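> Residues per chain, in single letters:
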Amino acid sequence: MVSFQQLRQADSGSLRGAADGVRKLARELDQFGTETDRHRVGLASSWTGMDADAAGQKLTTHIQDFQNTAQSYGKVDNIVSTLAGEIDGAKQLLESAISMAPSIPGSVGQDGSVHVNWSALGPNPSPAAISRAQQNAQQVAGYIRDAVMRATAADQRAQSELVAVTGSANVRVSSGSGSTTIPAEGTDPHQVKRWWDDLSLEQQQQLINTNPHEIGGMDGVPVTARDEANRIGLAQERTSVLEQHAAAEQRLKNIGMPSGDDYHQRREYDDARRDVSRLNERIENINSIQEQLDRTDLNGSTERLHLIDYDSAHDGQAVISVGNPDTANNVVTHVPGTGADVPGIGGQVDRALAMQTDATTADPNRNTSTIIWLGYDAPDRVVPNAIFAHYYEDAAADLASFQQGLRATHEGPPSINTLMGHSYGASTVSHTAANHDLAIDNLIQVASPGGGAGGSMTANDYLAPGADNVWATRAGDDSIRWVSQIHGNDPIDFDFGGRVFPADDGGHGGYWDPNNQARGHIANIVTGQYNLVPEGRQDGAPRAFSR
Amino acid sequence: MQISEQRVRSHGARLRTVGEDAESYLRSMAGPLNQGCQGNDGFVAVSTLRQTLERLSHLTNNLALESQRTGDRVVKCAVNHATNDAQHSRGFGSLNQQLSGRG
Numbered sequence: 000m001v002s003f004q005q006l007r008q009a010d011s012g013s014l015r016g017a018a019d020g021v022r023k024l025a026r027e028l029d030q031f032g033t034e035t036d037r038h039r040v041g042l043a044s045s046w047t048g049m050d051a052d053a054a055g056q057k058l059t060t061h062i063q064d065f066q067n068t069a070q071s072y073g074k075v076d077n078i079v080s081t082l083a084g085e086i087d088g089a090k091q092l093l094e095s096a097i098s099m100a101p102s103i104p105g106s107v108g109q110d111g112s113v114h115v116n117w118s119a120l121g122p123n124p125s126p127a128a129i130s131r132a133q134q135n136a137q138q139v140a141g142y143i144r145d146a147v148m149r150a151t152a153a154d155q156r157a158q159s160e161l162v163a164v165t166g167s168a169n170v171r172v173s174s175g176s177g178s179t180t181i182p183a184e185g186t187d188p189h190q191v192k193r194w195w196d197d198l199s200l201e202q203q204q205q206l207i208n209t210n211p212h213e214i215g216g217m218d219g220v221p222v223t224a225r226d227e228a229n230r231i232g233l234a235q236e237r238t239s240v241l242e243q244h245a246a247a248e249q250r251l252k253n254i255g256m257p258s259g260d261d262y263h264q265r266r267e268y269d270d271a272r273r274d275v276s277r278l279n280e281r282i283e284n285i286n287s288i289q290e291q292l293d294r295t296d297l298n299g300s301t302e303r304l305h306l307i308d309y310d311s312a313h314d315g316q317a318v319i320s321v322g323n324p325d326t327a328n329n330v331v332t333h334v335p336g337t338g339a340d341v342p343g344i345g346g347q348v349d350r351a352l353a354m355q356t357d358a359t360t361a362d363p364n365r366n367t368s369t370i371i372w373l374g375y376d377a378p379d380r381v382v383p384n385a386i387f388a389h390y391y392e393d394a395a396a397d398l399a400s401f402q403q404g405l406r407a408t409h410e411g412p413p414s415i416n417t418l419m420g421h422s423y424g425a426s427t428v429s430h431t432a433a434n435h436d437l438a439i440d441n442l443i444q445v446a447s448p449g450g451g452a453g454g455s456m457t458a459n460d461y462l463a464p465g466a467d468n469v470w471a472t473r474a475g476d477d478s479i480r481w482v483s484q485i486h487g488n489d490p491i492d493f494d495f496g497g498r499v500f501p502a503d504d505g506g507h508g509g510y511w512d513p514n515n516q517a518r519g520h521i522a523n524i525v526t527g528q529y530n531l532v533p534e535g536r537q538d539g540a541p542r543a544f545s546r
Numbered sequence: 000m001q002i003s004e005q006r007v008r009s010h011g012a013r014l015r016t017v018g019e020d021a022e023s024y025l026r027s028m029a030g031p032l033n034q035g036c037q038g039n040d041g042f043v044a045v046s047t048l049r050q051t052l053e054r055l056s057h058l059t060n061n062l063a064l065e066s067q068r069t070g071d072r073v074v075k076c077a078v079n080h081a082t083n084d085a086q087h088s089r090g091f092g093s094l095n096q097q098l099s100g101r102g
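Chains as they are written, first to last, in numbering that gives the first Met the number 0: chain X, 0 to 546; chain C, 0 to 102.
Isolated chain X (complex conformation) (with noise of 0.2 Å):
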């Protein structure tokens, strides 16, 4: 993935002087190809026999391997005109958006991002003047992005088309010091960083278009290179999916409806027509999730987003990025609870663009990015579903393997790390923080139906973060407070000794509804601004909390 700073500086001059080079040397080996077969003509009028022959056979090779590495150069001169005109387009782009940015008002940063000058606004922005200011934004932003996407789409194009120049088994990958090895399913992120570190640039791009399921799904690689990943996967898993879908109908098609008594073509048929169902899910799946990927409604947000991981088979798992975490200042992973699906993607998408747009609002100096980790499979339904604990024993490793994975991969300062879980979501996070250190410094239970770690839990227990940075809250009409201990003590409570902090009425999923307080005290939490964080009314309170 090309970077905003990248295209900048990028010099589309070198690129035509090396097009330029091949030319001629394409130019010139097709004419030492003509010579050669001037002088094979001339040999077999002055020379017969078989030494002749072969002289004449060997001489015809000659003239090919020059008119082919002739070709291969004509090719690669292409290639590498048509990458330069792409990359001075998307930097006209680039620079054209940048130009534009004082009229938001605003800036660009050295990374791309846009920031707002909510002080130009004056001290009190009228909401049109805010949403407006946004909207400018987001116009900005997206004018980067495409420029961006644009330079990006069409170095990865270049790249491929250069490898089919020599065939991919010519292109030798070598001057990493590193070994290539994919390290094993569970290995510590922070190994898997090291590692990566390791690989040559070239190497590393070579594993994420012969790997991308490995690389895609890997903690401790960091983001960029696992978007790219998997959104390759992606494409790739769709062609795949769709061929045996057709496949799997026509074997439906050719079974036939069975007639009552033929045994085996009954079970024939049930057979072919559970895998078109299969992969109908897994088609909607992907397509699910290429649908965000392709969106350019950001509600507001001025950030990419970004596949750090999915799986397209069954109820599917997605792990979506609105920013880069690896060079955010805080990053937030909200894990959704029962009912939360891949197909439904979109709405938890929804609430990462709402958190991010918040947390940019409430600290505009600070890039903030946040995750939907749909990394588990949640529970389908409240009952009976729901009222099982091993949907978060099970999530709990991959959970503190990504949070780990998080911190290994962070460029720069460490970023203020905020794990958070609406609903089942939120026992999720309660029981993996109680089990796994996941170096997070905020944890947030927005409706917790418990805090999945056994009756005797309290906010002192989880190895991070500290008491003071556990944090709660619930909706006074929302439903989930008759079942707040089915997973263990209520976060809520007085005696669990968190923090707790107030949202506005909105029943069990009102918490990111556009006027919910509940948004603006997550962002300050996220953004590291606890002093601005009112307290909420705490079950069993002898008396006002206070700290």
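Treat the hints as calculated values from the structure; they're not laboratory data.
Just so we're clear, the structure is a prediction, and the values are computed from it rather than from any experiment.
Backbone N, C-alpha and C fix where the C-beta goes; we use that ideal spot for every residue, glycine too.
Keep in mind that a hint or two might mislead.
[What the hints assert, rightly or not] Label pairs and their computed distance ranges (CB to CB):
hint: 1; chain 1: C; residue 1: Leu58; chain 2: X; residue 2: Leu200; range: 19 to 27 Å
hint: 2; chain 1: C; residue 1: Leu58; chain 2: X; residue 2: Asn253; range: 47 to 55 Å
hint: 3; chain 1: X; residue 1: Thr209; chain 2: C; residue 2: Val78; range: 47 to 55 Å
hint: 4; chain 1: C; residue 1: Arg6; chain 2: X; residue 2: Gly12; range: 47 to 55 Å
Using the hints provided, position chain C relative to the given structure of chain X.
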């Protein structure tokens, strides 16, 4: 077998020159091509371009050397033929003399 020794020798020498010219031209282009692969950090195509050009350069250089070798062999064939022809001539001459002496 028929051969025009002078013409074959001449074509062989020119084929060798084609190979030498190709090798020389390739060498002269190495600098500019290498320069074109510098910079543009973050563009994966640039590192692939470097690898592709290295690979093509290797193939082209081998072809240029092979072309020189083929030219050499053609010249050698012509020279060998001339040498054999002279030896055969000398052999025939000697045989003629011996036969004449017996007569």
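> Confirm or reject each hint.
We went through each hint and held it up to the structure:
1. C:Leu58 / X:Leu200: 19 to 27 Å: Because 24 Å falls inside the window, the suggested range holds.
2. C:Leu58 / X:Asn253: 47 to 55 Å: Cβ of C:Leu58 to Cβ of X:Asn253: about 49 Å, so the range 47 to 55 Å holds.
3. X:Thr209 / C:Val78: 47 to 55 Å: holds (52 Å)
4. C:Arg6 / X:Gly12: 47 to 55 Å: holds (49 Å)
Violated hints: none; the structure is consistent with every hint.
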